[in-house]
Amino acid sequence: MRESLMGKYVGARVNRVEDKRLLAGAGRYIDDVSVPDMLHAAFLRSPYPHAEIGSIDLTAAQALPGVHLILTGEDLKSRTYPFFGTLNFPRFYQPTFWALAVDRVRHVGDPVAIVVADSRRLAEDACELIEVDYEPLPGIATVEQALDADRAVVWPKSKTNLHYQASERFGDVDAAFAAAERVIVETFDQHRHSNQPMEARGIVAEVDPSSGEMTIHASTQSAHMVKWCIALLTGRRPLRRVVRQMISQRDHTKAIFKGMADYLKATPAMVAALKEMAPVMLKQNVTNVERTKAMNGAFVGLMGRDPKTLPAALAGDVGGAFGAKTAVHREDVAVCAAALELGRSVKWIEDRNEHLTVGSQAREESVDLAVAVRHDGTILGMRARLTIDSGAYPGFPYGGAVIAARLARTMFPGPYRLPALEFHSRIITSNKATYLPYRGPWEIETFVRERMLDVVARQLGLSRAEIRRRNLIGDDELPATMVTGPALDVRMSARRVFEKAMDVTGADDWEKTRAEAFAAGRRIGMGFATYIEAAPGPPGYMDNVGPGFSAMVDREPINAVLEADGTVTLHTQQVTHGQSHETTLAQLAADQLGVPMEVIRISYGNTRTAPFGLVGTAGSRAATFASGAVLLATKGLRDRIVDLAADLLEAAPSDIVVEDGRIHVAGTPSIAVTLADVAHAAREKGDEARGAARGDEAIRVSELFDGGAGGWSGATHVCFVEIDLDTGLVKIPRYVVVEDCGEIINPAVVDGQIRGGVAQGIGAVLYEKSTYDDQGQFQAGTFMDYLIPTAMEIPDIEIHHVETPSDVFANYRGVGEGGAIGAPAALCNAIEDALSDLGVRITEQHLPPARILELAGVIPTLSPSR
Amino acid sequence: MPAFCYHRPATVEEAVGLLAEYGSDAKVLAGGQSLVPLLALRLSHPEHLVDIGRIDGLAAVDDGPAGFTVGAAVRHADVELSPVTGRAAPLVAAAMPHIGHRAIRNRGTVCGSLAHADPAAELPAVALAADAEMVVRSASGERTIPAADFFLGYLTSALDETELLTAVRFPSWPRSTGGSVAEVSRRHGDYALVGLAAVVGVGDGGRVERAALSFFGAGATPVRVTEAEQVLVGEHPDPAAFAEAADVVTKSIEPPGDNHATAAYRAHVAGVLTRRCLAEAAGRATGGGA
Ligand SMILES: Cc1cc2nc3c(=O)[nH]c(=O)nc-3n(C[C@H](O)[C@H](O)[C@H](O)COP(=O)(O)OP(=O)(O)OC[C@H]3O[C@@H](n4cnc5c(N)ncnc54)[C@H](O)[C@@H]3O)c2cc1C
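Those protein sequences? They're chains B and G, same order as listed. Adding 39 to a residue's 1-based position in the first sequence gives its number in this note's numbering. Adding 9 to a residue's 1-based position in the second sequence gives its number in this note's numbering.
The hints are simulated quantities; they were obtained by calculation from the structure and are not laboratory data. Do not take every clue at face value.
[Said to hold, decoys possible] Short derived list, chain G residues pointing at chain B, Cβ under 7 Å:
#, residue
1, Y15
2, S43
3, R195
4, A273
5, V281
[Unchecked claim] Now the stretches of chain B that chain G is said to cover, found in silico as 3 or more residues with beta-carbon under 8 Å:
#, segment
6, 160-167
7, 809-822
We put the CB at the ideal spot given by N, CA and C, even for glycine.
Turn these sequences into a full structure, and let the hints guide you.
In structure tokens form, the structure reads like this:
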């Protein structure tokens, strides 16, 4: 039964636990961290998109009083390990590079030097005194330039700017196209834009002057990821010292190998994955020697490191990330290297200009698409070619672009019957800032598919709802399998969600409404988009990214602790940064344990106490993974509590009831014990009752959850617009989202996640663009150039929930990304609809007012196409 | 932000004395809504900041026989909320809600906006349309500069580095005259892509006697399109006349293009705004003054 839905908290609009702190200004963000004797860092950054570095003159800067240290890329060679590619795919080049530019700068904002001084201001003053001789090179700013053999190569060792290529066929594509009654072809473009959380990046590398040990305070989505990546890339010593250390800690070294062997023994999926990847890895090791050396050097360095010198990482409140903080950035490594060099704590807070210029960019993708259809709208197959502009330096520990490409290919069919798909991917490198994952990194598939469905409908003379009805997978066809591999289980509700959206909005009568408005001189439009989101997807979904991924990430740990005082702490590797885990996980735990929510505390972001996991909070996974792990761990804790209480109350465990934190025998609520009593009893009883409890904990239960049945979230967005063709301004009088994310833990949190995502999708279409000129010069470094929608631009968003019940354990699914996935397509479809009588076809995603008037033929077309 | 020496003079004399002493090394700090972002981006490196916010004599809004006078320490919000503005300077009142957001209007000053001379800002265009006068002081005395001679180029006014704009004076609003300010911006509160401050004065015969069309966001300075103004004078204020003026505007104006909008867009919207503002201004003129 759906036990959890019957709880007191789960399913209710419980106020957010974190709001009391955050709304009162008592949050602790990275800039609130201040440690004794802390110094401040600033970066000197390249003003050029692409240039050779001649000489760097530090004399004047070093002479400035209050400046403690300046490091350049050359200096980092002996102090850090270079960044290297960690992924293995055929036809994939991953450059090796340093935290600071060496020999060459590759985008505007490329860090050239780090200055550490008594204050940020002094550090910035010193940056202005550094003289760098640049020899400008031609910049690569478009895909065409990147692929032009006569132009510069961003990474000379690769000899080409084409860094990844893949071609796959699913189903019988030739047969599909041979059987087609029509083949419709179009190319869609999406422009570079950017994550832009309220809190930009930042780090405080705190060095204990007595021990030299480092604690990293980070604004991150995963504390353990920060810890291990920094451990891997900093603290470089000469190889002979590394080897000497390995010998001197022989037992430790052996234990590492044994640990790996045990892990592999226990994880046959990983062994299989390694076997599958072996030929690719071997080939890459031989063809990309630079990477092989870097990788080996860093890992040997890590093994030959005294474990006592490993850093710890702490994340406090994180003011948003949207994917930008899934990476360890070059600046992080430079700051830590400087702190270790000085033996003093160093703080770096990214300013908005930096964040816009280099913090995280995303989404610059295009798809050439051909669709084979029958006259009745039945889709027979598709051929697609995706191109991503990944910028110059890939993210670490994994490049966002290749993951996005793999996921876009996997998700391309969406919730539709697609019997055959040919999918090509290309990733080019350019003189732009790093491409990172952004809320729904594979969103291009929904944009392209939903846009194309409108195009096809119009060409075939069908209504836009009709073509979707003809191809959406219905309940009666489930379970099914997407042609690209992932399983669609019986809870996949896209068809029902779509029908509800049509009902709620009266979309089937739209043509009439629009015709009347047009006749009255009002230019209105309506568009919709339907998608499903792997949040977290079926079991093994992450293997679609690459072999072994699921085995690596599908293990969510939770430690549930009954403290001596009768409160309960849940330790998680999730790092909540707007997702409200302090509320939702506490709701689940409180209902499971039968205690008031106030009793539960969520502890996160501290590698000293959080169970190990590298993913942190990303990919809309927590709703299933962390919720399931909480249910398992608190169930275990509850069993122990009930056993001990049964002893205290001299009753059978099966007769024990826990209500509002009081534990009593069924029927006699007046005689009760409390959690504190049980905690006391556990401590009296000793080890057996306490599990793995440490210190003054009373009971500790640790659980790992593998995601169980996983599942899909999904939604249909319906967007209404009204366009003023005098000015090109687009108004959104109504925006409707109908969604299904399984059982809802907290509707207010779900609504908040959806609204934020939709706002970002609207922002992408009407406001946000990381503009580069055709030389690669960056032109959107302030909020006057890069426009974020405000409350004035975002309409009220009307949300309807569909809850598909199921007996599946932890039937909760993520909604973190969907809003941003559906909105661009729905809005662009609505705009095209409003211009439909003018024969306008929209193939791009960014539609500021001038572009609207160009498309409508009101003014001549002069805007750059991207 | 680079380091600077902060001065807070109590009197105008003291302020202009500091400006005389430090010359181009000093900058006046009024509301800071334009200057402070420039400092934060290190695009400006003044060694001295002269904060005029606490100079008593500069904080007044005055509606006298000489016109509507706004002192240099007066914030946008003070003017916006003053009961006098709508009657004494309706064009200024009409511009106010378009200036940034409330938080910015709470700090930014009217004179700061004029001195900063951003061509996309509302008030320079309003000053030009309403024939305002700048009252300027330096250590060597006072002078007044008509708006028509004040805006020289992009972020460049006729003030020299030792001069303080102490007040702006708008002449008394004539009878049977209406004003209108409209603009198109990407978002609420943004600087305009292009905007218009229009004035229409209607004579006893019901024909246009005076017209001012002052555009912002349409060049390196606020721009009056006199050809279009002349088209209107002597005509009945009706849609046909407005459309003709709008046509002239779109053809003759030469706005810049940038990442927010092309020049063609701005020229087109300038025409649209011409029709809209003229209709509103003429309505106000014939409907009884403001
Ligand atoms: C987000 C944002 C949005 C904005 N939107 C708009 C908008 O839509 N429209 C608009 O018009 N403005 C807008 N502004 C600007 C705002 O109105 C400014 O306040 C105004 O333009 C300048 O006034 P200030 O008092 O802040 O001047 P400051 O920033 O203090 O100074 C600006 C410049 O003028 C000089 N200066 C100031 N006062 C004097 C004086 N009395 N004598 C000589 N020199 C002087 C200073 O030295 C400096 O060079 C916006 C600002 C922000 C931050």
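Hint check:
Contact between G:Y15 and chain B, as hinted, is not supported at the beta carbon level, the nearest pair being about 14 Å apart and thus beyond 7 Å. At about 11 Å, the closest approach between the beta carbon of G:S43 and any beta carbon in chain B exceeds 7 Å, and the interface hint on this residue is violated. Restraint check, G:R195 versus chain B: the minimum CB separation of about 5 Å is within 7 Å; hint holds. A least Cβ separation of about 4 Å between G:A273 and chain B falls short of the 7 Å threshold, and the interface hint therefore holds.
Interface hint at G:V281: satisfied, since its Cβ lies 4 Å from the closest Cβ of chain B, which is below the 7 Å cut-off. For the segment 160-167 of chain B, the stated coverage by chain G is satisfied: 4 residues place a CB nearer than 8 Å to a CB of that chain, which reaches the threshold of 3. Counting residues of the segment 809-822 of chain B whose beta carbon lies closer than 8 Å to any beta carbon of chain G gives 4, which meets the minimum of three for the stated coverage.
Checked against the numbered hints above, the structure violates hints 1, 2; every other hint is satisfied.
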